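Input sequences plus hints: build the corresponding full structure.
As a plain string of letters, each chain reads:
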Amino acid sequence: MPASLRDRRLLLPLLLAPGVGYLLLFFGGPLAAAFIGSLRLEDGSFTLTWYIRIFTRPSMLRGLGTSIYYGVAPVIVSLLVSVPLSLAIRRHFPGRKLFSGLYKLPLAVPGIIVGLMIIVVFERGGFIDRAVAPLGFGLPKLVRDDWGVGVILASVWKQIPFMTLIITSAFAAIPEDIRSASRTLGASRLTTFLRVEVPLAMPGITAAVLLTFIGSMGSYAIPDIVGPPTARPLSVLMVAEFNQGRFPQVFAMGMVLSAFAVAVLVAYYSLTSRIGDAHGRGDAR
Amino acid sequence: MSMLEITDITKDYGASRALHPVSLCVEQGEFVTILGPSGCGKSSLLRIVMGISEQSGGEIRLAGKRIDMLPPERRDIAMVFQSYALFPHMTVEQNLRFGLRMKNVPKAEQQTRIAHALDICTLSGLTSRMPRQLSGGQQQRVALARAIVMQPNLLLFDEPLSNLDAKLRDTLRHELVALHRRIGATSVYVTHDQAEAMAMSDRIVVMNAGRVIEIGTPLELYRSPKQAFTAGFLGQTNLLAVTASGRRAQLPWGQTVDLATEAIGPARISVRPESIGIHPDDPRTRDTGLSAPATVTGVSFMGASALYTVSIGDTLLKVSHAGGDALIEPGRTVALTFPSRLPVLEDRGEDRGREDGGHAAEAA
Amino acid sequence: MFRTILAATIVTLTASTAPCLAAESNMKNLTFDLSSVTRDNFYEVVVPAAKAEGSVTMYNFAGSFGDTWQELIRRFEAKYGIKVSYSDVKGDQANQQLIAVQSAGQDSPVDVYFAGGGGYPLLSSKGVVGKIALTKILPNMDHYDPVLSDTVFGKPHGGSFPLVHLNQTAIGYDSATVTPAEVPKSFQDLLAWAEKNPKRLGVTSPAKGGSGSGFLYSLALDLLTGDCKAKLTDTNQTLDEAETWAMDSECLDPVWDYYRRLLAVAELTNGNADTLNLINNRQLAMGTVWEDQVMTFLGTKQVPDTIRLTLLEKGQVGSGDAMFVPANATHVASALLLIDMAMSKDFQLWKLENKASRSPRTDVSTDQVPAETQVHMLPSSVYPRLSVTAFWDMATALSEALDEKVINQ
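Protein chains in written order, with our numbering: chain H, 1 to 285; chain E, 1 to 364; chain D, 1 to 409.
Rather than coming from a laboratory, the hints here were simulated on the basis of the structure. Errors might be hidden in some of the hints.
[Said to hold, decoys possible] Taking lysine to aspartate or glutamate and the EDC-like style, the derived pairs with C-alpha atoms no more than 20 angstroms apart in a straight line are:
#: 1; chain 1: D; residue 1: K199; chain 2: H; residue 2: D43
#: 2; chain 1: D; residue 1: K199; chain 2: H; residue 2: D146
#: 3; chain 1: D; residue 1: K314; chain 2: D; residue 2: E243
#: 4; chain 1: D; residue 1: K405; chain 2: D; residue 2: E243
#: 5; chain 1: D; residue 1: K126; chain 2: H; residue 2: D43
#: 6; chain 1: D; residue 1: K199; chain 2: H; residue 2: D129
#: 7; chain 1: D; residue 1: K405; chain 2: H; residue 2: D146
#: 8; chain 1: D; residue 1: K196; chain 2: D; residue 2: E182
[Stated by the list, open to error] Pulled from the structure, derived: some chain H residues nowhere near chain E, Cβ distances all over 12 angstroms:
#: 9; residue: R40
#: 10; residue: L61
#: 11; residue: G65
#: 12; residue: W147
All values reported here derive from a predicted model rather than from experimental measurement. Where a beta carbon is used, it is the ideal one built from N, C-alpha and C, also for glycine.
Written as structure tokens, this is what we have:
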């Protein structure tokens, strides 16, 4: 071994190089390039124009709000469905095997297909609307509605399997004995769930929440097809700007969107820190 | 009235029966061990008593009150798990306080009980540690402390020492029994370790293949087992087929011995290796005119004693000899002497390891 | 020494001949004398050169045109035996690709590019468009619309960027629910109808479909007068200039007022197809549409057979898409031949009848297609009379301003 390799000061960066170097090259590099790009005018001079546009134009501000809304709302709804669902598929019931295979299907369906499916099936005058019309019912407005209910439904439909998959395994990783121990110590089923199982499953739930949040916040196809044309999220506006060839604007929007995604994540962490932190020091055996 | 009365508890999984009707009484302050090989149903029985597994039939009463329909949290029983099952996201103190809070024990009382439990389990100073920062023995004591702060009517132990190394297991075994006496608890302890069972228990319940084989004090079960399974599972033994006539019986090689009880015709007896006398070059060998000579075919030196394999007729006997200045070399001819009042086994089965064991023993 | 003189001579020669060539063409990979090609000797010169090339590559930016070009390619390959490799592309991406290839000095991956008519300013400014006076030398362009022959949406192109397909924004309505008397004739009629029939008129979001931004620009043309209108139609403005004007000018206040009233009673949709889908679902009785897309949707039964089209006074914008040869294309002769065939009367008529794709040829009109097809096209009482030229950069600017001033307020 050469002497230089034995020198710890040299060895450390060398050992870190594959990991940190990879991050710098494939994550830091493009990020830095996009950031620099967002501060340039066509002639290369420095400008804040692109950022000013984001924070002064009503469409952009609304887009930012819409992006966060489309990120957060589906996650909340999905979580409310996924947690009970993952508890249910832990139990034995007739047809469980078939169900636990079927519920994963949406994972394989691309967002754009989901969007089109919503249009065909849930649009007023669409498949379901026509099917229930003879019964005197009509579907509420789900497509292009101001609250983006269609977008949220589509995202939820797509997220639930992924979330359920992760949360199910998070719950499954909790030893049965710990559940039993809680019961023997006087905790009811519900209390055991809230005080023992949820905190222990928190890392899994957090991972599911973060991944789906980032996914739906950045999704383009579903809000573009199903969402209202009035409130367009930044992802959709970015593509519009890209089509205009305004790359610095696209970069700036990407920066702002990323910054807000990080902000939401930080807020989430500080909200769940008590549960998450307690577990962080624990160790599910 | 017994503290715990288990009556005809069964457990079926579909068509297969995991527990045949089991009945058992445990008295106030008693330490009862359920002993058996893995898969014998002992843990199932414990979990049914706790309420974390459901019985298929039968009744359970605790302090006179029927509990088998109650959820575990309302049974007034605490349990120590083999895996300890500490809450990994709580400190030692939070683990201990959890049950007290669930039972709405007043704050001051919680404090007293926790301090007491920490003290008697020698855990003081570890209160703010997380479980993963503790050693196995410490975790085990936390699990114990967490159970005893509850001051339950009944304490259940599911092989709580089996994950520890031998030395620690020995120490904790004694601590545990001492603790049981000190707090005056009623305990049911499940294990597959016969030494542990004999060292700790007031009474032992021997189980095999979903049935209770025999119930008795460690001494009774060791000295005069009624079932071959008990004789074989508790320590080492020689099972011999004999022909009995009253209190006398003839061994396969013709020698006659005294029986503890009367029997007629073919019977089986259990003879502990250490109860057989082994005498090399003893003039009595020739004097008594035995029909066949006994020959030592193998020897294992165990420290305090030596275990010999002795061939006599078609039979191989295990004989243990304590002390002695020199080992008897294999090949030597020896004389064997048998104690009087040998226990006659109730079952006449040929194979002591048979899976379905003997008849279900009568409820105590 | 000799070498130096030779090199100097070559430099001198090149320097003296280059400007002359450049004035005629910026084509990089010519295998034949393009400058000598006229309408009369076109086939004589070009066909042998094309056959020597043996193949040609074509890009199509318009998803709905796939089968149209398959028909053309079938005819082309049958007639000339020259293989066409064809790709559907996304217009914006292909534009960026060609610009990048051009600036890197590489050969173009494509020889004939069917591109959006609005792309000319961008593509020509980056030198992507091959300077060939197609409208002057292709035999099948002898009946070409004289205005389009030299300009595209107000920009002079010297014949290098000829539209081969014209399309027209329009108002589509379901004649099963809208009576002939109710059919709006002007923008004011339309607003009145929408207010009488709330949520029955679909207006494509200008940001999401040309039938929407075309409608917006047509409305501005209708409402603005004098200097305001002059500015609105000044095609010398860049997109940035148009945006600045659209955001700041008070000229457009009547337009915004109209939209505020309109959006209160109309459904803003997510695109051209979205509008047609809602008409098909009978949720809308009327909407902003493209004439050719209606025909496409009729072919797959995605709009009711009762759909009819009309144009509002004082005109709605028409558009078109062009075929051009990139400057650094490698199969130029075949490219010329393919564009020539695309402009043949035969094919233009086929395209009109099957796709409602209007022709820049003056000798092709709806009178030549069967009557049952004609009912689904704009009647000759309004087309081409009420078709006005699009200015897409201004339409884009207007739609952005509409976003800020009306939709997000």
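List, from low to high, the hint numbers that the structure doesn't satisfy. Hints 1, 3 are the ones this structure does not satisfy, whereas the remaining hints hold.
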